[in-house]
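K.L.:
For chain A, the structure is supplied; the task is to place chain B on it using the hints.
Sequence lines, in order, name chains A and B.
For the first sequence, this note's numbering begins at 529 and goes up steadily by one.
For the second sequence, this note's numbering begins at 529 and goes up steadily by one.
Worth flagging that the hints you see were computed from the coordinates, not collected in a lab.
Because identical chains share one entry, a pair is satisfied inside a single copy or across any pair of copies.
Taking lysine-lysine pairs in the DSSO-like style, the calculated list, with each CA pair at most 27 Å apart, reads:
no. : residue 1 : residue 2
1   : 685       : 669
2   : 598       : 561
3   : 629       : 561
4   : 742       : 730
5   : 675       : 685
6   : 561       : 732
7   : 732       : 742
Protein chains: 2
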Amino acid sequence: MCELMGMSANVPTDICFSFAGLRIRGGATGPHKDGWGMAMYRENSVWSLHDPRPSSESDLAVLMSTASLKCDIAITHIRQANVGEVSLANTHPFHRQLWGKTWSYAHNGQLSNSENLTVQQSVMGTTDSERAFCWLLEQLKDTFGEKEPNVNTLSQKLHSLANELREKGVFNMLLSDGQTLFCYCSTHLHWLTRRAPFNVAKLKDTPLDIDFEKVTSETDVVTIIATQPLTDNEKWQQMEAGELVVFQAGEVIESITCTE
Amino acid sequence: MCELMGMSANVPTDICFSFAGLRIRGGATGPHKDGWGMAMYRENSVWSLHDPRPSSESDLAVLMSTASLKCDIAITHIRQANVGEVSLANTHPFHRQLWGKTWSYAHNGQLSNSENLTVQQSVMGTTDSERAFCWLLEQLKDTFGEKEPNVNTLSQKLHSLANELREKGVFNMLLSDGQTLFCYCSTHLHWLTRRAPFNVAKLKDTPLDIDFEKVTSETDVVTIIATQPLTDNEKWQQMEAGELVVFQAGEVIESITCTE
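So that you can see chain A by itself, here it is in the shape it has in the complex:
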């Protein structure tokens, strides 16, 4: 399996603190040693890093946990390979174009018979994850054509498609177009929003804490999403199986659960 981490904020924000905690799980406090990657959006421009080395040992990962690069939305992934060898091509997040934007995606879980997901475009690597991503976006395009729907309609459709994928196994997902962060929970996904009054946060995996009061403004709203809570002195909200939570600028704008 793997671990996911996402961030959505109303002001450009770095993910150093959270990534410092996540990175250790990539081969040290956790078994997710088969590569890591991140996508960061600022003003709708996305840049990305992919490294098939363990994040606990990678000098690039150390750098990204200490150097403050600020973004509006981030998607980060540390991998424990099950389907597909350890390689750059199999390192999340994956990226594809749709509706004139670059979509970024990372997946935690495993899908049975993912080869049955019909996709038109080529899958670059050999993971079920990337195939599911291509399938998702192609389903969206088949449904909505060239015109992007509003975020409510899109969220409903994404929820329904993610439910279909969940029937094939485990499908925890982070997906973004740079404005909106879609988070779907199949088994494990937690989130918390930090806003004034800010407090000290302490990482679980490494002796590091930060006083967010000192590094934020009063109006900052920053949400962190993670497979497992990254801090041990804050209240993380556990998502339900089959729940899609949608964030913009750090705030929840949609939450869709399975009605069954």
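P.N.:
For chain B alone, coordinates are given in the frame of chain A:
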């Protein structure tokens, strides 16, 4: 057009100094403002960064010009878009799998009728560059099948394929599998090898110099390849049109020119 920079060394080496010079050309001292990227290989593992923002303004690029990440081979590219919009998918270097390895490639130039290059796999972006890369690797696979040839045979074939591409326009290329760096010149490509006795080098584009004597060991051999010389006090070797120079561990192991 774009600018290329490559590095091959016999000891893990960072590219901070050279990239500090190149980065400025991405929108400040040069017009190549449409994104930048780099691939770095160490012990055959490759990690990569892609950023569609101008390297002269990107905080990630600033970081990469100051933080010492050491590698054996690097390929870096700053882009001035001609074919294909500014996007992550069109940001070099590109990566594909062949013979169980990840190949990385960056291109400077423009090819006419690149849509006539028949490729089996999907091209992710919309550049002639990526299409030419896919074509190149597929030609290699068609020629050699599943068994990788020795580097001499491979170099001969690559030279012949690159000559074909050069007939379509301008094709300056850097290509690597992590062990070998293949550099093909169509119009502009320069290189220099630094080895003991080391000296001070001064960048052309920004007031920065470095005394390599202080940061190297006596046995270090480091070759830098660049579209245009990055320093103004060193002797760069200009490649010929139609020349392929092949480096391993900082040393030239093949040099093939057009016989015509």
